[in-house]
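The listed protein sequences correspond, in order, to chains W and H. One point on numbering: in the working numbering, the residue at position 353 of the first sequence is 515, and numbering is uninterrupted. One point on numbering: in the working numbering, the residue at position 339 of the second sequence is 501, and numbering is uninterrupted.
One thing to keep in mind: the hints can contain errors.
[Said to hold, decoys possible] One-sided and incomplete, this derived list gives chain W residues near chain H with beta-carbon spacing under 8 Å:
hint	residue
1	Tyr175
2	Glu256
3	Phe258
4	Asp261
5	Arg534
The hints are simulated quantities; they were obtained by calculation from the structure and are not laboratory data. The structure presented is a predicted model; accordingly, all values stated were derived computationally and were not measured. Idealized CB from N, CA, C, for every residue including glycine.
2 protein chains.
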Amino acid sequence: MHWMVQASRAVTYEVAIVEDVLCPEDPTLARAGAEPGSPARRYVVVDSAVAELHGSRIERYFAHQQVRIGVCVLDVSEEVKSVETALRILRALERFGIDRRREPILAIGGGVLCDIVGLVASLYRRSTPYVRVPTTLIGLVDAGVGVKTGVNFDGHKNRLGTYHPAACSLLDRSFLATLDRRHISNGLAEILKLALIKDRYLFDLLECHGARLRDEKLQAATTGGEDVARQVLARAVDGMLEELEPNLWEHQLERRVDYGHSFSPAIEMRALPELLHGEAVSIDMALTTMIGRSRGLVDGRDADRVLSVMRQLGLPVWHPVCEEGLLRAALAETVRHRGGAQRLPLPVGIGGACFVNDLSERELVAACAELRSLAGIG
Amino acid sequence: MHWMVQASRAVTYEVAIVEDVLCPEDPTLARAGAEPGSPARRYVVVDSAVAELHGSRIERYFAHQQVRIGVCVLDVSEEVKSVETALRILRALERFGIDRRREPILAIGGGVLCDIVGLVASLYRRSTPYVRVPTTLIGLVDAGVGVKTGVNFDGHKNRLGTYHPAACSLLDRSFLATLDRRHISNGLAEILKLALIKDRYLFDLLECHGARLRDEKLQAATTGGEDVARQVLARAVDGMLEELEPNLWEHQLERRVDYGHSFSPAIEMRALPELLHGEAVSIDMALTTMIGRSRGLVDGRDADRVLSVMRQLGLPVWHPVCEEGLLRAALAETVRHRGGAQRLPLPVGIGGACFVNDLSERELVAACAELRSLAGIG
């Protein structure tokens with residue numbers, strides 16, 4: 163005998179740009195991800211830096227909204243993005259005790275924290291709802307809006323994880339005001355990625371206003387700055403969701419948003435803790451821009467513009483770990499991760515992308531050498 | 163600004179009753195869960211008892227099929243159904259190295275092993291395909307055919323897990339020949355559950371042939387026995403899938419297949435390692451049969467028949483851990499797990515079920531006392 167079980171799982175989640183999410187009178191956060199009548203209890207996982215800056219506002223907020231909270235403060239970095247950290251949260255969550263469906267876990271912090279809490283939420287009772295409040299730029303435009311969760315494992319980036327969208331992501335730009343400039347650059351790298359593969363107008367915005375966006379931390383320091391910041395954030399989120407929505411579970415392994423993510427996982431993990439995620443992505447994009455140029459996909463002038471915008475955004479285009487052996491290993495691992503083919507996104511001019519499966523080692527090594535000399539390393 | 167992301171994930175998986183799955187000439191297992199042209203490499207997780215009995219057959223099988231295998235032999239029990247065990251497999255899997263989509267992990271073993279490997283497969287690279295070959299009766303009719311994966315955590319049964327169906331489950335009854343009778347009874351408990359909630363004819367089969375099925379271990383010892391064994395297995399799998407398919411991700415929390423699983427998680431974990439899963443389920447069903455009888459849902463004669471079939475199948479109807487405190491705590495935990503309501507499946511006669519939300523502690527305690535005295539404990 164023989165059965166084919168067939169089912170279809172509908173997934174809906176909300177992403178909203180909000181203002182002043184911790185304003186005590188605004189019930190948005192307190193109600194997010196829960197049906198009316200759900201218990202007013204929440205388990206909140208907060209980044210330690212955020213807790214230091216906004217901890218008392220968070221407490222005041224939930225007190226005003228009459229929500230009883232349990233809090234887990236987490237000192238987060240790529241190095242503690244581990245199963246052990248996830249288990250620590252899970253144990254604390256178990257002690258607090260939550261209902262399976264009606265008491266969403268809240269994640270308030272950067273991309274790494276959102277990724278870990280997403281994994282926790284997907285594992286606890288075989289999935290509980292959760293709500294994300296990203297507080298970094300990379301969280302706002304990348305980790306906070308997709309469905310991927312994960313932790314590093316055995317030296318590999320995000321090797322363990324799930325697909326589990328937050329019920330709701332609330333994007334509040336005001337958290338960026340207290341971020342250091344390096345972390346603004348970190349997020350700008352993912353915005354630049356979207357610009358390069360699909361949005362030439364977004365690239366133009368970054369080229370004209372990148373340095374100012376970084377210096378003003380996407381806040382309303384100047385009238386023009388406010389308008390540009392709004393536009394850049396909205397276009398980045400919109401572009402990202404447009405790419406993700408038809409391919410949430412990555413059935414299609416040719417993903418334009420994988421641009422900058424072919425060599426960067428290995429670069430980032432090897433350089434740990436020296437490079438932030440976006441910095442490794444920037445180096446990957448610089449490298450593939452060189453490959454694109456040598457293939458005639460990007461002309462010299464555009465390639466120069468791309469590298470120049472990276473520098474303007476405070477992003478690196480090179481790191482000493484980028485030697486041949488590492489890049490070869492990175493490519494082999496990427497092939498394994500993309501189901502046996504390179505499926506390598508390459509830039510086409512500025513704002514376009516294609517996929518190739520025939521990158522040779524010689525090409526890779528040549529691009530790497532060229533980038534090294536461009537970066538002034540010789 | 164505001165976005166609603168909407169997507170639908172189609173899931174298809176296969177469950178097949180097969181014969182002699184390790185016959186070297188039969189390519190079914192070697193090809194299961196993989197597209198033609200996929201690499202001929204598999205990582206196989208095998209229960210240590212199965213490895214001892216069938217290890218050389220497994221090796222011969224894959225050698226004949228020209229599939230290179232990596233093997234992880236696991237000494238499995240409810241007590242090592244833990245995150246640590248899952249991580250141990252994941253580390254070994256990482257060393258073997260598998261392609262993300264084309265080299266399904268194989269699980270050959272009982273329900274506990276299938277649950278752990280399912281979790282491993284769902285976490286590795288955010289989900290890899292896997293294939294189940296259950297070797298116990300509970301694996302054949304329960305853990306091996308659904309989509310739930312999991313491990314115990316912090317003293318709670320299956321507290322961490324995911325929904326991740328195997329690409330394919332191959333059900334081969336011949337493995338049962340080497341199982342001890344207690345583990346046959348363990349699986350018969352889940353078959354009895356299906357009989358009680360939805361299949362009176364299956365109950366009749368168990369009532370007439372239960373002892374023989376158990377003694378013959380569902381093998382073709384006698385002509386009649388073979389026919390009954392086939393029928394019982396097919397009806398159990400069919401009934402189970404009929405319940406699961408429309409509610410794979412448990413959006414509906416009133417699940418008839420939760421019958422026997424309201425109090426048993428706490429009973430099983432408290433009595434560990436004394437009770438097997440199916441034994442705890444049997445005690446739960448005996449208890450809820452008493453509740454059903456006191457509510458007039460099951461008449462005295464049917465209640466007696468149910469308890470008598472349990473005894474005939476070698477299943478317990480009582481265990482000393484069933485004291486008031488534990489049952490109260492079990493009910494509270496079940497309410498939390500079922501989204502804030504009891505949603506307690508109760509039997510209606512034999513072959514029917516209903517859900518109640520108003521079980522009182524007094525009722526629970528009375529049913530427990532009655533069962534204790536019926537069990538001859540006084």
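Item to check | Violated constraints from the hint list, given by number and in increasing order | outcome: 3 and 5
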